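Just so you know, the sequences run in chain order A and B. What the first sequence shows, in our numbering, is residues 701 to 1037, in sequence order. What the second sequence shows, in our numbering, is residues 701 to 1037, in sequence order.
Source of the hints: derived by calculation from the structure; they are not laboratory data. Misleading hints may appear alongside valid ones.
Because identical chains cannot be distinguished in the list, a pair is counted as satisfied if it fits within a single copy or across any two copies.
Claimed, not checked - Derived DSSO-like pairs: lysine-lysine, alpha-carbon spacing no greater than 27 Å straight-line:
id, residue 1, residue 2
1, Lys719, Lys1002
2, Lys783, Lys907
3, Lys907, Lys1002
4, Lys759, Lys908
5, Lys868, Lys994
6, Lys1016, Lys778
7, Lys812, Lys870
These numbers were taken from a predicted model, which means no experiment stands behind them.
2 protein chains.
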Amino acid sequence: MARINRQVTLAARPVGRPKESDFALVESPIPELEEGQFLIRTIYLSVDPYMRGRMNDRKSYAEPVKLGEVMVGEAVGKVEASKHPKFEVGDIVAGRIGWQEYCVTDGTEIRKVRTGGQPISTALGVLGMPGLTAYFGLLDIANPQPGETVVISGAAGAVGSTVGQIAKIKGCRVIGIAGSDEKVAYLIDELGFDAAFNYKTTDDYIKKLAELCPDGIDVYFDNVGGPLTDAVFPLINVNARVAVCGQIALYNSTELEQGPRLLWKLIEKQARMEGFLVFQFVDRFREAMADLAKWVDEGKIKYRERIDDGLENAPKIFLGLFDGVNTGKQLVRVSQE
Amino acid sequence: MARINRQVTLAARPVGRPKESDFALVESPIPELEEGQFLIRTIYLSVDPYMRGRMNDRKSYAEPVKLGEVMVGEAVGKVEASKHPKFEVGDIVAGRIGWQEYCVTDGTEIRKVRTGGQPISTALGVLGMPGLTAYFGLLDIANPQPGETVVISGAAGAVGSTVGQIAKIKGCRVIGIAGSDEKVAYLIDELGFDAAFNYKTTDDYIKKLAELCPDGIDVYFDNVGGPLTDAVFPLINVNARVAVCGQIALYNSTELEQGPRLLWKLIEKQARMEGFLVFQFVDRFREAMADLAKWVDEGKIKYRERIDDGLENAPKIFLGLFDGVNTGKQLVRVSQE
Chain A
701 MARINRQVTL AARPVGRPKE SDFALVESPI PELEEGQFLI RTIYLSVDPY MRGRMNDRKS
761 YAEPVKLGEV MVGEAVGKVE ASKHPKFEVG DIVAGRIGWQ EYCVTDGTEI RKVRTGGQPI
821 STALGVLGMP GLTAYFGLLD IANPQPGETV VISGAAGAVG STVGQIAKIK GCRVIGIAGS
881 DEKVAYLIDE LGFDAAFNYK TTDDYIKKLA ELCPDGIDVY FDNVGGPLTD AVFPLINVNA
941 RVAVCGQIAL YNSTELEQGP RLLWKLIEKQ ARMEGFLVFQ FVDRFREAMA DLAKWVDEGK
1001 IKYRERIDDG LENAPKIFLG LFDGVNTGKQ LVRVSQE
Chain B
701 MARINRQVTL AARPVGRPKE SDFALVESPI PELEEGQFLI RTIYLSVDPY MRGRMNDRKS
761 YAEPVKLGEV MVGEAVGKVE ASKHPKFEVG DIVAGRIGWQ EYCVTDGTEI RKVRTGGQPI
821 STALGVLGMP GLTAYFGLLD IANPQPGETV VISGAAGAVG STVGQIAKIK GCRVIGIAGS
881 DEKVAYLIDE LGFDAAFNYK TTDDYIKKLA ELCPDGIDVY FDNVGGPLTD AVFPLINVNA
941 RVAVCGQIAL YNSTELEQGP RLLWKLIEKQ ARMEGFLVFQ FVDRFREAMA DLAKWVDEGK
1001 IKYRERIDDG LENAPKIFLG LFDGVNTGKQ LVRVSQE
């Protein structure tokens, strides 16, 4: 009487931009629960740019997904059966569930979800890893001061949109870089950014940034890398801080890309660039989550989610991240709440 | 009865590598002292890679030298006449004297020299700006811990050789990169570096660094930039720190040089790169100088000076820095002590 699980596995190592054929949809029976295990039904699956790195056959900060293995990923789900002392049927949980309809787990890297009055999907967005990434990357790595100018690339994404709003809470002038006029309008009109521009319709990034940042750039929160980042460097101020969060412009590169050598600028401006992973701050997640929840409740942080349906569509939805189709957090609905 | 001063001025803005003809040797009368001024006879003149930046028509962290102006530079000299309440005839002083035999000054950016038992020339080297640069760049920017691996480019220069010895005092494994076999031998045999290599006779920098740094690289102190720095990046450890002190490989570039994009590595390794200028730490020079003087007196920091004669040779001696002719501090003797 084993029920059938549907899973998306890694079928081939992509070269450059992944194709849908690099993934496979497979079926397998759900194993019987052993003592200490429980069964999660996946509701929302998160797709994130970092997953591109997991598809390579090369250890980065985490192990790659093996060929034939279920794709890694955070999801939110509901406990449907339990032989675990701490998780009960009906609990809403989040964590490393993977791209699958059901997950049997002993609870490793799974947590109960508390999103207060917010939808459970926010456990994958503004009240999950993207929110925490924004929080620590901005406040700890970049440490912006009132009146400083903060520039954000990938500003309309799940992380970038939260970074900008936290920077506004901290009294900064906030400039967003995004990939459509609609996103630019969203940043300015709905999220309260001071300015933003559409890089896809802008020829001279440096000129545009110089217009929008008359006092130079004190903080740059980089989700993108490549030519946008090159354009920020000439405008940084003394003591500038660059928080390097993502480099989505480069994730599908098949060779080591070249760009202008910029280190001299760090000397001239006594500036700092620092890469980070949200997991560095795991001991302080509780503190950050309390702040984020408060700001969301107060309406100081707004968020958007784009929810597309169907586990079988997860590869296509994931690939959309590289086209920038999403404003805010991109999710896949695997089953109904 | 005005005495004649000889000065080296900037005659032309260099394109790429400077030529001797970009400088001019001029003579002018030494002005009479006014109240509050004193006259310095230059003894040793420092030439440093940073001066290349001052020859460009572009503000960097400091104003450029104007065409026809005396070249900027630190020197040590002796007070020969004084109408200043705090400086007396016979005082040994150092500071922004410039490339000239005599300097009339009101004392701005001039300090009395105290080098204890060491030669007065050390006020331009291990007990001067290069020593302070090494001290703060290593200890404050990079903050090495016992047992960590520290790699230094330009390791046999005035700054690099001091950095390496301070890192040894702090219990680190120290690897130097230098430009001749003689320098490599000096670093290992005389200064106690754990290893070093001659980049001019090494084809594969990454392979060589991997051999010499079996536990990866925790700290990189960069005086050089360019391909050497590119080779360090693949080997950095989690939480690596890169102190960006100089980029001599690029100072004579006529266009913005290209290199591999490396920011992703900062994320993967949660690593930090920080540029600095010694002047950031001016409030703590006294503390640092006490440490440096103690270490020199105890023989824990050794130093070399290369002294070439003649103000008229200063341009040629300066240009030698870009060929790496000097081991340790390069000085020009302008007059006898």
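Evaluated hints:
Proximity of Lys719 to Lys1002 under the C-alpha cut-off of 27 Å is found in neither arrangement, the shortest distances being 33 Å within a copy and 60 Å between copies. Proximity of Lys783 and Lys907 under a CA criterion of 27 Å is satisfied in neither setting, with 61 Å inside one chain copy and 52 Å between copies. Proximity of Lys907 and Lys1002 under a CA criterion of 27 Å is satisfied in neither setting, with 30 Å inside one chain copy and 49 Å between copies. When the C-alpha separation of Lys759 and Lys908 is checked against a cutoff of 27 Å, the pair qualifies only between copies, where the shortest distance is 22 Å, while the shortest distance within a copy is 38 Å.
In this assembly of identical chains, the alpha carbons of Lys868 and Lys994 lie at most 27 Å apart only when taken from the same copy (15 Å versus 49 Å across copies). Taking the closest pair of Cα atoms, Lys1016 and Lys778 come within 27 Å of each other only inside a single copy of the chain (25 Å); across copies the shortest separation is 76 Å, beyond that limit. For a Cα distance limit of 27 Å, the shortest separation of Lys812 from Lys870 qualifies neither inside one copy, at 30 Å, nor across copies, at 45 Å.
Checked against the numbered hints given earlier, this structure breaks hints 1, 2, 3 and 7; the rest are met.
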